[in-house]
Amino acid sequence: MANFTPVSAAIGGALIGLAAVLLMLFTGRIAGISGIAGGLFNPRTDDRLWRLAFIAGLIAAPVAAALVGHAVPMPQMPGSMITIAVAGLLVGFGTRLGSGCTSGHGICGIARLSPRSIAATVVFMGAAIVVVALTHHVIGG
Amino acid sequence: MPALASLLCGFIFGAGLVISHMVQTTKVLGFLDVFGIPSGTWDPSLIVVMAAGLIVTGIGFALIRPRTPIFAQRSLWPTATDIDRPLLAGAALFGIGWGLVGLCPGPAIADLATLSPGVFVFVIAMAAGMAAQDLWQARGARPSEQKLATATDG
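Chains as they are written, first to last, in numbering that gives the first Met the number 0: chain H, 0 to 140; chain L, 0 to 153.
Derived by calculation from the structure, the hints in this document are not laboratory data.
Since the model is a prediction, treat every value here as computed from it, not as a measurement.
Think of the CB as a built atom: it goes at the ideal place given N, C-alpha and C, for glycine as much as any other residue.
Don't take every hint at face value.
[Said to hold, decoys possible] If the Cβ cut is set under 7 angstroms, some of the chain L residues that face chain H in the computed set are:
| no. | residue |
| --- | --- |
| 1 | Ile36 |
| 2 | Gly128 |
| 3 | Asp133 |
Isolated chain H (complex conformation) (with noise of 0.2 angstroms):
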């Protein structure tokens, strides 16, 4: 486990955790990432100032660790742009679907010991895992 870095992920994943209390607390909605930006693409959406806030506040985290000189380096992302499109197509075909994401099922609905939240978790996870171990182990080698 050499790439095991526990407390950095406990201190991001408590802020995760206290920017979806403070949502709720503030302006009563979930905390759900896919809920959040699907509601931009939706022609009956009518309240699209918040949603584009939150969107916002979200881009800034990265600009903001770059100016004091934490830059996050470009992800790595699949040689394929197809690859990479099919896959962008799922998530947000598959969260709209689903009612949700890591965020909105995995982290509040889960803490709110939703039955559904917790199916679905289980679904998108498991399901991320076998795709892993046949692309890296099976197909990709």
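Given the structure of chain H, go ahead and fit chain L onto it with the hints provided.
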């Protein structure tokens, strides 16, 4: 004020993703790659992120649950309880996409700040997937159901 509060929450959320390194696909894939458990390269950091997030959110939600939000009329706590096919199918599709790249919606949006071309492609495709799902759902559902679906988003 609600928008400013929301901006602050987004920033704290993003800071959590940056500090925990969840904005790095290698970090996420290092957790999802269970073949790393026998070989000793597995990275359980993601579990610690989730555990810490769940402790803070669990306690915080319990404390504020009875309260009316400061900048809204009422809290929109999710009300759905049934484990139905859309939930499971959606989660499975999301998991496949997550495993292919190592990005879920939060880190993908935060990573736009790195100006990585691949991340831009991913986020544009993700937005298209979200819009496509909304259009697809709007064809079959009555307006009352559409409103409900929006309120139960995680």
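Cross-check of the supplied hints:
| no. | hint | in the structure |
| --- | --- | --- |
| 1 | Ile36 | violated, 9 angstroms |
| 2 | Gly128 | holds, 2 angstroms |
| 3 | Asp133 | holds, 5 angstroms |
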